[in-house]
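There are 2 protein chains.
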Amino acid sequence: MAYLNENYLKLQSGYLFPEVGRRVREFCEANPKAAKRLIRCGIGDVTEPLPRAAVEAMKGAVDELGHHETFHGYGPEHGYEFLRSAIAQNDYRDRNVEVADDEIFISDGSKCDCGYVLDILGDQNKVALPDPVYPVYVDTNVMAGHTGPSRKDGSYEGILYLACTAENNFVPDPPREHVDLVYLCFPNNPTGAVASRVQLSRWVDYVREHDALLLFDAAYEAYISEADIPHSIFEVPDARECAIELRSFSKNGGFTGVRCGFTVLPKSVLARTENGRRLPLHLLWQRRWSTKSNSVSYPVQRGAEALYSQEGRKQVRALIAHYMGNAKLLRDAVADAGLEAFGGVNAPYIWVKTSEGLTSWQMFDRMLRELNVVITPGAGFGAQGEGYFRISAFNSRANAEEVARRLRDLQ
Amino acid sequence: MAYLNENYLKLQSGYLFPEVGRRVREFCEANPKAAKRLIRCGIGDVTEPLPRAAVEAMKGAVDELGHHETFHGYGPEHGYEFLRSAIAQNDYRDRNVEVADDEIFISDGSKCDCGYVLDILGDQNKVALPDPVYPVYVDTNVMAGHTGPSRKDGSYEGILYLACTAENNFVPDPPREHVDLVYLCFPNNPTGAVASRVQLSRWVDYVREHDALLLFDAAYEAYISEADIPHSIFEVPDARECAIELRSFSKNGGFTGVRCGFTVLPKSVLARTENGRRLPLHLLWQRRWSTKSNSVSYPVQRGAEALYSQEGRKQVRALIAHYMGNAKLLRDAVADAGLEAFGGVNAPYIWVKTSEGLTSWQMFDRMLRELNVVITPGAGFGAQGEGYFRISAFNSRANAEEVARRLRDLQ
Numbered sequence: 001m002a003y004l005n006e007n008y009l010k011l012q013s014g015y016l017f018p019e020v021g022r023r024v025r026e027f028c029e030a031n032p033k034a035a036k037r038l039i040r041c042g043i044g045d046v047t048e049p050l051p052r053a054a055v056e057a058m059k060g061a062v063d064e065l066g067h068h069e070t071f072h073g074y075g076p077e078h079g080y081e082f083l084r085s086a087i088a089q090n091d092y093r094d095r096n097v098e099v100a101d102d103e104i105f106i107s108d109g110s111k112c113d114c115g116y117v118l119d120i121l122g123d124q125n126k127v128a129l130p131d132p133v134y135p136v137y138v139d140t141n142v143m144a145g146h147t148g149p150s151r152k153d154g155s156y157e158g159i160l161y162l163a164c165t166a167e168n169n170f171v172p173d174p175p176r177e178h179v180d181l182v183y184l185c186f187p188n189n190p191t192g193a194v195a196s197r198v199q200l201s202r203w204v205d206y207v208r209e210h211d212a213l214l215l216f217d218a219a220y221e222a223y224i225s226e227a228d229i230p231h232s233i234f235e236v237p238d239a240r241e242c243a244i245e246l247r248s249f250s251k252n253g254g255f256t257g258v259r260c261g262f263t264v265l266p267k268s269v270l271a272r273t274e275n276g277r278r279l280p281l282h283l284l285w286q287r288r289w290s291t292k293s294n295s296v297s298y299p300v301q302r303g304a305e306a307l308y309s310q311e312g313r314k315q316v317r318a319l320i321a322h323y324m325g326n327a328k329l330l331r332d333a334v335a336d337a338g339l340e341a342f343g344g345v346n347a348p349y350i351w352v353k354t355s356e357g358l359t360s361w362q363m364f365d366r367m368l369r370e371l372n373v374v375i376t377p378g379a380g381f382g383a384q385g386e387g388y389f390r391i392s393a394f395n396s397r398a399n400a401e402e403v404a405r406r407l408r409d410l411q
Numbered sequence: 001m002a003y004l005n006e007n008y009l010k011l012q013s014g015y016l017f018p019e020v021g022r023r024v025r026e027f028c029e030a031n032p033k034a035a036k037r038l039i040r041c042g043i044g045d046v047t048e049p050l051p052r053a054a055v056e057a058m059k060g061a062v063d064e065l066g067h068h069e070t071f072h073g074y075g076p077e078h079g080y081e082f083l084r085s086a087i088a089q090n091d092y093r094d095r096n097v098e099v100a101d102d103e104i105f106i107s108d109g110s111k112c113d114c115g116y117v118l119d120i121l122g123d124q125n126k127v128a129l130p131d132p133v134y135p136v137y138v139d140t141n142v143m144a145g146h147t148g149p150s151r152k153d154g155s156y157e158g159i160l161y162l163a164c165t166a167e168n169n170f171v172p173d174p175p176r177e178h179v180d181l182v183y184l185c186f187p188n189n190p191t192g193a194v195a196s197r198v199q200l201s202r203w204v205d206y207v208r209e210h211d212a213l214l215l216f217d218a219a220y221e222a223y224i225s226e227a228d229i230p231h232s233i234f235e236v237p238d239a240r241e242c243a244i245e246l247r248s249f250s251k252n253g254g255f256t257g258v259r260c261g262f263t264v265l266p267k268s269v270l271a272r273t274e275n276g277r278r279l280p281l282h283l284l285w286q287r288r289w290s291t292k293s294n295s296v297s298y299p300v301q302r303g304a305e306a307l308y309s310q311e312g313r314k315q316v317r318a319l320i321a322h323y324m325g326n327a328k329l330l331r332d333a334v335a336d337a338g339l340e341a342f343g344g345v346n347a348p349y350i351w352v353k354t355s356e357g358l359t360s361w362q363m364f365d366r367m368l369r370e371l372n373v374v375i376t377p378g379a380g381f382g383a384q385g386e387g388y389f390r391i392s393a394f395n396s397r398a399n400a401e402e403v404a405r406r407l408r409d410l411q
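Protein chains in written order, with this note's numbering: chain A, 1 to 411; chain B, 1 to 411.
Everything labelled a hint here was simulated from the structure, so no lab data went into it. Incorrect hints may have been included.
Since the list gives no way to pick out one identical chain from another, each pair is judged satisfied if it fits inside one copy or across any two copies.
List time: in silico DSS-like cross-link candidates among lysine-lysine, alpha-carbon distance up to 30 Å [stated by the list, open to error]:
| hint | residue 1 | residue 2 |
| --- | --- | --- |
| 1 | 36 | 328 |
| 2 | 10 | 126 |
| 3 | 328 | 314 |
| 4 | 33 | 10 |
| 5 | 267 | 126 |
| 6 | 10 | 267 |
| 7 | 36 | 353 |
Keep in mind it's a predicted model, so treat the numbers as computed, not measured.
All chains, please: the whole structure from these sequences, using the hints.
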């Protein structure tokens, strides 16, 4: 009989969001009246329509496919040149960050890239992950066999967890021990924290010293409002020698249902074989895409390109301003309710301490029952998330205002 | 320093189509006049515009995303119910094949699914592959570490190759030895061969007897013209216990640039752990998609759904008739040129013996130089492909007619 990948059997029962979904469903079935006033501030999913520029570009591209003279079949496996070049120019070179067009790889989203990237890495790597953390970093490493079994608190043996706490402002210091592969995400999901240039430089120094690799998830960079915070790891000197950056159009262009993101993999990033040979990871990544993919839907790539047009940029800025207006409302309301809150200034997430003595799932149930508001329990993001919950600012203004009103009644 | 996946270093230098591309580019640069009359019958890429029904559905879906009331964010990770159900009903239940909606998993294409499927399988599986074969089956197994190093003829140690030759009509018999995982593709790429019900039953018997798993690639099922040939492996009794089917909208709906396909994984397919526990692969596959993907672009899924509408079905039939008209022209012309040809009746590919004494790359160069026609050398698909070449019927009628004319001059 065919063997299955036994690493899957180590996975904790539910991915966080399905469990949230289950509890909400059961509550709504039992409380049909409360169900009608339910507001979801849980999953980080956008709510506002796509920017007009993207809509027009996608429709135009679909029309092209409908006519003989302008039909496109298979696209280049690493993404169309028009999009790779728009990204490299606008997101990097225009901000004085050196990135070549062919160091950009178009994908169907950052969540997917998290898993894909492990395809080209060895199984011997010692991995460090923040705690709390986006569960996909953890689970894809479990599936790839990079961990031991899980412990009672949901953590896995074999992973080095980097505690992100109120004491370190949710930005961990590099560890004393050696690791080969580090995941960082700033602006952070779920804490909303950002790392300063000095803090990121300390990480790049560590990674360089240990000849390690840094996976930097910058999916939320568009939400940075403070001038000094780096938008890309490549703003930090020497990061081109040791980092891969993940970016997404989900949260800036509202592409969660359209599906497009990208990785930046500089040709100068090396990795090693067991016997010490050093090779550019770029070669392997390129081969991965050629062999395993036919890139992303042509109309989707045209839609992503349109986000960089003058109109598109203006529309993206308006979307960000909308969600960050929500974040301010919610953050203020949480404070008025007497709860301690973090984030929400450079990120669409507010990270809140639970009311005295409640676990984060108890707080989840309380918010659901008393306010009919869905939040995400911090414990779902890791052991250090216990005692916190995440409120997402992805909502309509009316909903955000209503949640703010209800929060003030929490006392 | 981070370790890389050393299995990538076992891969033969070029994936077939990049090497074809390189030779064509060099020829065109050296022969600008001939370059102008170049006709490509190489890569199996569609040339005709998308069916109108798909165009309208995709544009409508993009419009939905552009308005507040009809906006969609993240879709279900296994695909929208509307598409899973349209597929299960039209492609299976309407043809008296039992498949449940939740046994359908929507993906961004069959090429991608080939790689994804290995995520949930163990590394101990002994793999059998046809020869010649779609190179992606081989290369994804190499990348996953399921093979030894490559040999001189391009094959890899550790794989059992199933020779597909003129003697067995390009349909191999099950082997005598045990394997855990078998890949089959019918209608076949590259040979254009199809397997009868009896032949497929023999394979299902083998797979059941050996408690193995069958990956059945039916990407070209829409091209079957003969009544008795099964369109799905699930038409064969007991296949629901041991097979996964891969399907694509690339070649029926012309979606090579739109990107959509699916796998069918019956809940009754089991696989084992090292210590003999048996579990449904469906559970692991579901988990893979929840954790590693956010499914396929919403407008793309609406476009795929539209292929099942009355209009859509008519338009797909017209596309198939167009390409199969080309196939007939090309097959006849090849025969007139005195070459021995196979396929082209239930598949858009014609598999041709090279002229006396020529290797398939020599034949490639000859066709390029003398006829200015690009074909695919059989050796690129495996050792048994040596001495053959593939002509693709994916072209405009005018091009197919012109290639047919030139082929008659080959003498």
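If you test the structure against every hint from before, which numbers come out violated? 4
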